[in-house]
Amino acid sequence: MTYSPAEMMAVVAARELRDGEVVFVGIGLPNLACNLARATHAPRLLLIYESGAVGAEPERLPVSIGDPSLVTGSLMVSGMADVFQCLLQNGRIEVGFLGGAQIDRYGNINTTVVGDYARPTVRLPGSGGAAEIAIHARRTVAISRLSRRAFPEAVDFITSPGHRMRGRGRRELGMPGAGPVKVVTDKGVLEVEPDSGELLLSALYPGVALEEVRAGVGWPLRCRAALDTIDPPTARELHLLREVLDPQRLFLKA
Amino acid sequence: MTYSPAEMMAVVAARELRDGEVVFVGIGLPNLACNLARATHAPRLLLIYESGAVGAEPERLPVSIGDPSLVTGSLMVSGMADVFQCLLQNGRIEVGFLGGAQIDRYGNINTTVVGDYARPTVRLPGSGGAAEIAIHARRTVAISRLSRRAFPEAVDFITSPGHRMRGRGRRELGMPGAGPVKVVTDKGVLEVEPDSGELLLSALYPGVALEEVRAGVGWPLRCRAALDTIDPPTARELHLLREVLDPQRLFLKA
Amino acid sequence: MREAVAAHVHDGDTVVIEGFTHLICFAAGHEIIRQRRRELTLCRLTPDLIYDQMIAAGCARKLVFSWAGNPGAGSLHAFRRAVERKGGGPLELEEYSHFGMVARLCAGAARLPFWTLRDYMGTDLPAANPSIRTIECPYTGEVLATVPALNPDVTIVHAQRADAEGNAQIWGLLGVQKEAAFASRRVIVVVEELVDQSVIRGDPNRTLIPGLAVDAVVVEPWGAHPSYAQGYYDRDNEFYVGWEEISRDPAALERYLEAMVYGVPDRTGYVEKCGDLERLRAGSRVCAGVNYGY
Amino acid sequence: MREAVAAHVHDGDTVVIEGFTHLICFAAGHEIIRQRRRELTLCRLTPDLIYDQMIAAGCARKLVFSWAGNPGAGSLHAFRRAVERKGGGPLELEEYSHFGMVARLCAGAARLPFWTLRDYMGTDLPAANPSIRTIECPYTGEVLATVPALNPDVTIVHAQRADAEGNAQIWGLLGVQKEAAFASRRVIVVVEELVDQSVIRGDPNRTLIPGLAVDAVVVEPWGAHPSYAQGYYDRDNEFYVGWEEISRDPAALERYLEAMVYGVPDRTGYVEKCGDLERLRAGSRVCAGVNYGY
Numbered sequence: 001m002t003y004s005p006a007e008m009m010a011v012v013a014a015r016e017l018r019d020g021e022v023v024f025v026g027i028g029l030p031n032l033a034c035n036l037a038r039a040t041h042a043p044r045l046l047l048i049y050e051s052g053a054v055g056a057e058p059e060r061l062p063v064s065i066g067d068p069s070l071v072t073g074s075l076m077v078s079g080m081a082d083v084f085q086c087l088l089q090n091g092r093i094e095v096g097f098l099g100g101a102q103i104d105r106y107g108n109i110n111t112t113v114v115g116d117y118a119r120p121t122v123r124l125p126g127s128g129g130a131a132e133i134a135i136h137a138r139r140t141v142a143i144s145r146l147s148r149r150a151f152p153e154a155v156d157f158i159t160s161p162g163h164r165m166r167g168r169g170r171r172e173l174g175m176p177g178a179g180p181v182k183v184v185t186d187k188g189v190l191e192v193e194p195d196s197g198e199l200l201l202s203a204l205y206p207g208v209a210l211e212e213v214r215a216g217v218g219w220p221l222r223c224r225a226a227l228d229t230i231d232p233p234t235a236r237e238l239h240l241l242r243e244v245l246d247p248q249r250l251f252l253k254a
Numbered sequence: 001m002t003y004s005p006a007e008m009m010a011v012v013a014a015r016e017l018r019d020g021e022v023v024f025v026g027i028g029l030p031n032l033a034c035n036l037a038r039a040t041h042a043p044r045l046l047l048i049y050e051s052g053a054v055g056a057e058p059e060r061l062p063v064s065i066g067d068p069s070l071v072t073g074s075l076m077v078s079g080m081a082d083v084f085q086c087l088l089q090n091g092r093i094e095v096g097f098l099g100g101a102q103i104d105r106y107g108n109i110n111t112t113v114v115g116d117y118a119r120p121t122v123r124l125p126g127s128g129g130a131a132e133i134a135i136h137a138r139r140t141v142a143i144s145r146l147s148r149r150a151f152p153e154a155v156d157f158i159t160s161p162g163h164r165m166r167g168r169g170r171r172e173l174g175m176p177g178a179g180p181v182k183v184v185t186d187k188g189v190l191e192v193e194p195d196s197g198e199l200l201l202s203a204l205y206p207g208v209a210l211e212e213v214r215a216g217v218g219w220p221l222r223c224r225a226a227l228d229t230i231d232p233p234t235a236r237e238l239h240l241l242r243e244v245l246d247p248q249r250l251f252l253k254a
Numbered sequence: 001m002r003e004a005v006a007a008h009v010h011d012g013d014t015v016v017i018e019g020f021t022h023l024i025c026f027a028a029g030h031e032i033i034r035q036r037r038r039e040l041t042l043c044r045l046t047p048d049l050i051y052d053q054m055i056a057a058g059c060a061r062k063l064v065f066s067w068a069g070n071p072g073a074g075s076l077h078a079f080r081r082a083v084e085r086k087g088g089g090p091l092e093l094e095e096y097s098h099f100g101m102v103a104r105l106c107a108g109a110a111r112l113p114f115w116t117l118r119d120y121m122g123t124d125l126p127a128a129n130p131s132i133r134t135i136e137c138p139y140t141g142e143v144l145a146t147v148p149a150l151n152p153d154v155t156i157v158h159a160q161r162a163d164a165e166g167n168a169q170i171w172g173l174l175g176v177q178k179e180a181a182f183a184s185r186r187v188i189v190v191v192e193e194l195v196d197q198s199v200i201r202g203d204p205n206r207t208l209i210p211g212l213a214v215d216a217v218v219v220e221p222w223g224a225h226p227s228y229a230q231g232y233y234d235r236d237n238e239f240y241v242g243w244e245e246i247s248r249d250p251a252a253l254e255r256y257l258e259a260m261v262y263g264v265p266d267r268t269g270y271v272e273k274c275g276d277l278e279r280l281r282a283g284s285r286v287c288a289g290v291n292y293g294y
Numbered sequence: 001m002r003e004a005v006a007a008h009v010h011d012g013d014t015v016v017i018e019g020f021t022h023l024i025c026f027a028a029g030h031e032i033i034r035q036r037r038r039e040l041t042l043c044r045l046t047p048d049l050i051y052d053q054m055i056a057a058g059c060a061r062k063l064v065f066s067w068a069g070n071p072g073a074g075s076l077h078a079f080r081r082a083v084e085r086k087g088g089g090p091l092e093l094e095e096y097s098h099f100g101m102v103a104r105l106c107a108g109a110a111r112l113p114f115w116t117l118r119d120y121m122g123t124d125l126p127a128a129n130p131s132i133r134t135i136e137c138p139y140t141g142e143v144l145a146t147v148p149a150l151n152p153d154v155t156i157v158h159a160q161r162a163d164a165e166g167n168a169q170i171w172g173l174l175g176v177q178k179e180a181a182f183a184s185r186r187v188i189v190v191v192e193e194l195v196d197q198s199v200i201r202g203d204p205n206r207t208l209i210p211g212l213a214v215d216a217v218v219v220e221p222w223g224a225h226p227s228y229a230q231g232y233y234d235r236d237n238e239f240y241v242g243w244e245e246i247s248r249d250p251a252a253l254e255r256y257l258e259a260m261v262y263g264v265p266d267r268t269g270y271v272e273k274c275g276d277l278e279r280l281r282a283g284s285r286v287c288a289g290v291n292y293g294y
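Chains as they are written, first to last, in the working numbering: chain X, 1 to 254; chain P, 1 to 254; chain C, 1 to 294; chain D, 1 to 294.
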């Protein structure tokens, strides 16, 4: 069965989630991944959106993290002061999802500017909650398509800290969470090497050559000693994604 | 028409309130005073209880500041973090009521201990919200019966600051509110002298001699240059207190 | 309740049973007394009758509080005997104002080490409690008060209703229950009614404490008596007024504990022994619903 | 609305129109554009289409924000042109994360000069914004981040309903509206429905903003369109998606403002010109009430 890179990314991200975990969800692929996990191996996954919806079970595909369908039938609605103080800063979020225009060798993510901050070439949206998710969630999973532009040696601006920031580590800086332990791309998975804080290739998707991954990364990418094998999407996973979760292909286009 | 000291105190306190003011209400005489004011000259008085009930219109006489009748039919229920941060510290409370076992020459109030803090002769309840009400309400009105024990030259413990604390003034200490500008007693009214911060006699109740007041105060009480006249309770005020607001005489006993 | 207290309340723990007049979980306090927990640090804004009973029963080493009276009725005499050294105690005290206690729980809930407030200038409270300190604003240079975070070992919250996962809904006075629950290492939610999760999901804005913060759910109708539960039963004010006489006399207080706490196996036994609680049953003032449609 | 904006929004003011996706008061933003307010400091977590329009219309001198995108649909191009100096601007920026903006409003609402949070270590945000500072905990010595209070001149909040005194009830997403209202010198509440005070008093736990903090109440059905009001109407997602094309082209944006803002006298005119908004009308998912009896 053929499948698109977006479908593979949603499936791989879903498999990262364990049943019963509390997840801070973003819109798009992270939302699809969470709902795919709930429909398969993690029915008790608890979804929290930074908008304040806790335990959401949307009856339609939400088009934003503030979609009304995330409220109706949810377990709780929190004001945003509680979301950030009592849930995130309190340490209640086990997994956070992040995406970004740039992810660098040490897992730092940039969603602020391309170029200089004061006179940017491209002005991106900014942090939103990403800075604090990267700091507080017990672990985060980043999702991004490989390209030299998207994976530079060092990001232009650190919006969400990774594992080494200007030479300093997370622990030294007092960050509670473990940071972006995995990066799910369209060709394979990168994982952090604990001592160096550097992202290494840990798995290639079926049929992808190592050189294809290296071509999309702006630093000399090292590989973990043994690469994990990743199964392609199952028929059931593809069925759920295509027929149930995103039948209009809003987020699964490519 | 005869009336009790408690009735006179409730009436005098009620007359201190202006229509439309936001009042932090205590139980007992302050509550009666507020509801008397609402029933007479101040129908738009807004009652807030530190328990979180805002705009309460209790259908029975509340026996505590957390009475359920303060919630039913109120305008809003706030959690206590909001009560203290968004309402009181925010400066939204125009009048606060305070009582206390001891009130001294400078309007300092003690509701903590008689005697030494570590080995008290009498352990009183403590501050509750009184410390912050005394600091933040735009002005406060204290209600207390005169006696040498209750009005010492200096309180054993400053729970709620008055106008001079160990020689330092409110402004110097950075207090937003004006403090206890009036003390309503069972024989007359004391008011603060702005420059000295000292409580002076500003009014005697009908038929009370100056010496009766002085006998109940533990310092050489000075009088304001001209004393105010205070009318006795009207028939309507007494009717409201006795028949409508406290028919069981829970708080009007003596 | 027996299992929840056995599992989550240990000797030496810092314990919070919150609820401001409303929803004070006497059922949990009584079970802690029955299980003879010792050396507890009891924290509450208003110790109320429940901590007076726990102090009398010998559960407490220390009290952290802001107003220790019998609201509208008099004194907490077991507390006073301990503090005034008149046959009770010793009992260590750590005293704040209400705002200070609220702020301690706000800090605990936010997992910050302290909270800032504009308070205590001119009062003798900082001299009595060295944990009340100051900090300088990094923008204006103003000096403001601070209190340290309170992170209890266990918090017990009484709620009108919750589902089996502990998603708890409270209406009426909210006190500091949300902050206390989030500040705590372990949380027991005690409810008047266990409801299907669809009831919770039907009105998610009513949820105060999410199940993800809750370790045990206990169903205990009348569990807040003689305190009250809005929409379920009124406060037993006669009992509050009568406590003045009971607590003033150590022998009477001991007889009360024997009869109503040690002398009953559980809350059901207490309710039966109380006799006619139906007189306190709430009248009906049901509000209209709102539309969650889109 | 015309009177409320004329009375409470002045040139040079710091203005907050809050609402996280939900209840964004486009009606107020359009009226501010129509009254040609200038030199405003616009603050919002998510500038959204409404501030993109206000920036395009020349109302803004400065933007204080934390996420400037078109949620789920693309960019805010008027904002980008100003920042990237491609024909727009100049526009001064003051940038935080969401938590930082929330914390600034928490401090403002509590009338404290700053708020403490555990954030920003390792990020480049403090280098970009010198208002992000640090403080040392007086108990543990830990260094924590601070942000300064935000106290706007005027905050505009859209609510489902309020009484004539401005006691406002909101359900669904709550965002930071309560904090923004309490932080602000002046507050305008815009509602879908003006209700009798008995409706508010029937369910006091639903009230988010009390009338004592409100300076003006404006009734403006559909006032949040193309944003949404839970229980009243859904988000007009087609408009959000379509904004990408409008805002990308300065001429198209200008035509939009001419037609839908300058070209209508008020919100009623806007609603008429929008045509069939009924397609967005919310379905019915009315929750059950709770008992406030005692």
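Simulated from the structure, these hints should not be mistaken for lab results. We put the CB at the ideal spot given by N, CA and C, even for glycine. Please note: incorrect hints may appear among the correct ones.
[Unchecked claim] Example chain P residues on the side facing chain D (calculated, C-beta under 8 Å, incomplete):
id, residue
1, V22
2, V54
3, S69
4, T72
5, L75
6, M76
7, C86
8, N90
9, G115
10, S196
11, S202
12, L204
13, P206
14, L210
15, Q248
16, L250
[Unchecked claim] Which chain X residues stay away from chain D? Per the calculated CB distances, all over 12 Å, these:
id, residue
17, I27
18, A39
19, H41
20, S51
21, A81
22, D82
23, R170
24, A235
Original post:
What hints, given by number in increasing order, does this structure fail?
Top reply: When the structure is compared with the hints, numbers 9, 10, 11, 12, 13, 14, 15, 16, 17, 20, 21, 22 and 23 turn out to be violated.
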